[in-house]
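S.K.: Note that the protein sequences, when read in sequence, are chains H and L.
Residues 1 to 326, numbered by this note's numbering, are exactly what the first sequence covers, in order.
Residues 1 to 326, numbered by this note's numbering, are exactly what the second sequence covers, in order.
The set of hints was computed from the structure by calculation and includes no laboratory data.
Any given hint could turn out to be false.
Cross-link-like lysine-lysine pairs, in silico, DSS-like; alpha carbons within 25 Å at most [claimed, not checked]:
1) H:315 <-> L:256
2) H:111 <-> H:81
3) H:277 <-> L:282
4) H:153 <-> L:198
5) L:261 <-> H:315
6) L:315 <-> H:38
Listed here are the chains, written in short residue letters.
2 protein chains.
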Amino acid sequence: MAKKGNLLTVRKDIRVVDATIRDGGLCNNFRFDDKFVKDLYNANVKAGVDYMEFGYKASKEIFDVNDFGKWKFCDDSDIRKIVGDNKTDLKIAVMADVGRTDFKKDILPKKESPIDIIRIATYLNSIPAAVEMIEDCAKKGYETSINIMAVSKANTEDLKEALDILGESPVNVFYIVDSYGALYPEQSRKLADLYCEKADVYKKSVGIHAHNNQQLAFANTIEAMTHGASYLDATVDGMGRGAGNCSLELLLGFLKNPKYKVEPIVKIIEEHTHRFKEQGIKWGYDIPYMLTGQYNTHPRPAISFSNDDRTDYSKFAIELYDIINS
Amino acid sequence: MAKKGNLLTVRKDIRVVDATIRDGGLCNNFRFDDKFVKDLYNANVKAGVDYMEFGYKASKEIFDVNDFGKWKFCDDSDIRKIVGDNKTDLKIAVMADVGRTDFKKDILPKKESPIDIIRIATYLNSIPAAVEMIEDCAKKGYETSINIMAVSKANTEDLKEALDILGESPVNVFYIVDSYGALYPEQSRKLADLYCEKADVYKKSVGIHAHNNQQLAFANTIEAMTHGASYLDATVDGMGRGAGNCSLELLLGFLKNPKYKVEPIVKIIEEHTHRFKEQGIKWGYDIPYMLTGQYNTHPRPAISFSNDDRTDYSKFAIELYDIINS
Numbered sequence: 001m002a003k004k005g006n007l008l009t010v011r012k013d014i015r016v017v018d019a020t021i022r023d024g025g026l027c028n029n030f031r032f033d034d035k036f037v038k039d040l041y042n043a044n045v046k047a048g049v050d051y052m053e054f055g056y057k058a059s060k061e062i063f064d065v066n067d068f069g070k071w072k073f074c075d076d077s078d079i080r081k082i083v084g085d086n087k088t089d090l091k092i093a094v095m096a097d098v099g100r101t102d103f104k105k106d107i108l109p110k111k112e113s114p115i116d117i118i119r120i121a122t123y124l125n126s127i128p129a130a131v132e133m134i135e136d137c138a139k140k141g142y143e144t145s146i147n148i149m150a151v152s153k154a155n156t157e158d159l160k161e162a163l164d165i166l167g168e169s170p171v172n173v174f175y176i177v178d179s180y181g182a183l184y185p186e187q188s189r190k191l192a193d194l195y196c197e198k199a200d201v202y203k204k205s206v207g208i209h210a211h212n213n214q215q216l217a218f219a220n221t222i223e224a225m226t227h228g229a230s231y232l233d234a235t236v237d238g239m240g241r242g243a244g245n246c247s248l249e250l251l252l253g254f255l256k257n258p259k260y261k262v263e264p265i266v267k268i269i270e271e272h273t274h275r276f277k278e279q280g281i282k283w284g285y286d287i288p289y290m291l292t293g294q295y296n297t298h299p300r301p302a303i304s305f306s307n308d309d310r311t312d313y314s315k316f317a318i319e320l321y322d323i324i325n326s
Numbered sequence: 001m002a003k004k005g006n007l008l009t010v011r012k013d014i015r016v017v018d019a020t021i022r023d024g025g026l027c028n029n030f031r032f033d034d035k036f037v038k039d040l041y042n043a044n045v046k047a048g049v050d051y052m053e054f055g056y057k058a059s060k061e062i063f064d065v066n067d068f069g070k071w072k073f074c075d076d077s078d079i080r081k082i083v084g085d086n087k088t089d090l091k092i093a094v095m096a097d098v099g100r101t102d103f104k105k106d107i108l109p110k111k112e113s114p115i116d117i118i119r120i121a122t123y124l125n126s127i128p129a130a131v132e133m134i135e136d137c138a139k140k141g142y143e144t145s146i147n148i149m150a151v152s153k154a155n156t157e158d159l160k161e162a163l164d165i166l167g168e169s170p171v172n173v174f175y176i177v178d179s180y181g182a183l184y185p186e187q188s189r190k191l192a193d194l195y196c197e198k199a200d201v202y203k204k205s206v207g208i209h210a211h212n213n214q215q216l217a218f219a220n221t222i223e224a225m226t227h228g229a230s231y232l233d234a235t236v237d238g239m240g241r242g243a244g245n246c247s248l249e250l251l252l253g254f255l256k257n258p259k260y261k262v263e264p265i266v267k268i269i270e271e272h273t274h275r276f277k278e279q280g281i282k283w284g285y286d287i288p289y290m291l292t293g294q295y296n297t298h299p300r301p302a303i304s305f306s307n308d309d310r311t312d313y314s315k316f317a318i319e320l321y322d323i324i325n326s
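Here chain H stands alone, though its shape is the one from the complex (with noise of 0.2 Å):
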């Protein structure tokens, strides 16, 4: 199914997946208010994105909901609040972390449902767990991905096992995921390959999502789909957790299909998410999350610096060289 393109032609294959309340709950706590959710909606319909990821459908009985904004728990009638009966082709989605989901109770069936896809976020170590919810959710109707985290630490043999695994479930997406931010662009297209190749023998689609510790989270993307990835995650101004994702507005205005328009993003960061950073909310490439993703680690100690309103990014520097080395 993977396809290589190149600068002029048009993928019919591309997916752009807006994942900025998912991503960007993780720098909020979730708690962003309706008008912003649904002027992200329509901006997403308008600029020809072909996903929109709520949030996470997490478990009510591990977090508890005066914690989070709502975003974090996606309940049905919350979605149906911004997207009544969806009847546009902007698809909708949401993510379940493997072990932290009651996904046998708040997931419906997909008729009763305004969820198109259910995401499912997995370690390398959890890969029968994630099985069995893809399971779940394929038999409730639902288009389903995995979203193997933290790649850059993976061992290519472990990898391909696990494709060979999921290769043999019924899930439509094997999505990289680079949550530390440490891939380079040749990593990406060998990671693309490896996963195209294992996409090919079981008929599944490719997936990136990138993490801009080092600034290359939309270069990594870019890469991953000229290597054949498909399904390309992105997020309105990069607001995603510690250094941010590959930005919407730069995949959009890459992107050779004239459905894909970038103005109304454009807008969206005018009107909300620049007003964001204003409020205090943080999120984007910093010192100490390059320094993570030079490390192959994860943003964790970059995070409480950050949240610190720390800067001195030397002895962060010694800091991390312990914290890895010890």
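Starting from the structure of chain H, add chain L where the hints point.
M.R.: Structure of chain L alone, referenced to chain H:
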């Protein structure tokens, strides 16, 4: 001379060029105090940087010395105040624009000067004037590079012809200069291939100077490198005109040669460049620069927008469309 590398090996032909004072000087009219320039010089020495560009050798007939800081003119005596006899491995660079430099008068014989390399900046239409400068500088004993600006607008056949003319000159390095920040990694690789093909014939090296309008400056730099470019321009914190440049801290963190260290540059960011931003000096990725990059056009309208402290991006998008199509 061009060699391709991979993610594990060291390439001995790599030369990291810090262009902070020169390209960053375009953000503050070259008004850097000596403390900063001296700290940066010391940091570059510690970081293993190969060349440090101090600014332009601009004509004092054309430009009023009262309108700019001294690094617009780079008197040899001013450089000496920073570097003394420069008993280090760091070489000293200056840039000279074709038609804007009194090179015969202002560029002294190498043996009287602290400068090692003269980087000659030209557009495709002034190659013969560039060759005259190259010959003069080479005769005086300098290494030279030719920095062909706005390459994203160049016709490939014209470019090949220019490189053939330059190949016959004593210039040492052919530079790819993405003035508009319009190149995608795929194009950077192709340009590096084209430049390296010519460079191999004439025994030259190839360099790249990228701009960050589409958050691709670092990606384009390392991709061109993998395809044979060896002189790699970068600036601390990406400081440079408009959207800025490839960040030196990203590049140093990527290169595998253990002589390169990122920490001294992190310290300069902490102590200097982040304060420049607080003081109101502007550079870096923003929506208007993204749009001029996507349109493959000069960042001039975006710089005006930024200088006017405007934030109405949607209106700018419409204005830019009109400018380009008028």
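S.K.: Quick one, are residue 277 of chain H and residue 282 of chain L close enough, alpha carbons at most 25 Å?
M.R.: Roughly 17 Å between the alpha carbons, so the hint for residue 277 of chain H and residue 282 of chain L holds.
S.K.: When you check the alpha-carbon spacing of residue 261 of chain L and residue 315 of chain H, does it fall within 25 Å?
M.R.: Between residue 261 of chain L and residue 315 of chain H the Cα gap is close to 15 Å, so the pair holds against 25 Å.
S.K.: Against the 25 Å threshold, does the CA-CA distance of residue 315 of chain H and residue 256 of chain L hold or violate the hint?
M.R.: Holds, because 23 Å separates the two Cα atoms, which is no more than 25 Å.
S.K.: Between residue 315 of chain L and residue 38 of chain H, does the CA-CA distance stay at or below 25 Å?
M.R.: Judged against 25 Å, a Cα distance of about 22 Å means the pair holds.
S.K.: With a cut-off of 25 Å on the C-alpha distance, tell me whether residue 153 of chain H and residue 198 of chain L pass.
M.R.: 39 Å, violated
S.K.: Hey, residue 111 of chain H versus residue 81 of chain H, does the alpha-carbon distance stay inside 25 Å?
M.R.: Holds, at roughly 17 Å.
Of the numbered hints listed earlier, the single one contradicted by the structure is hint 4.
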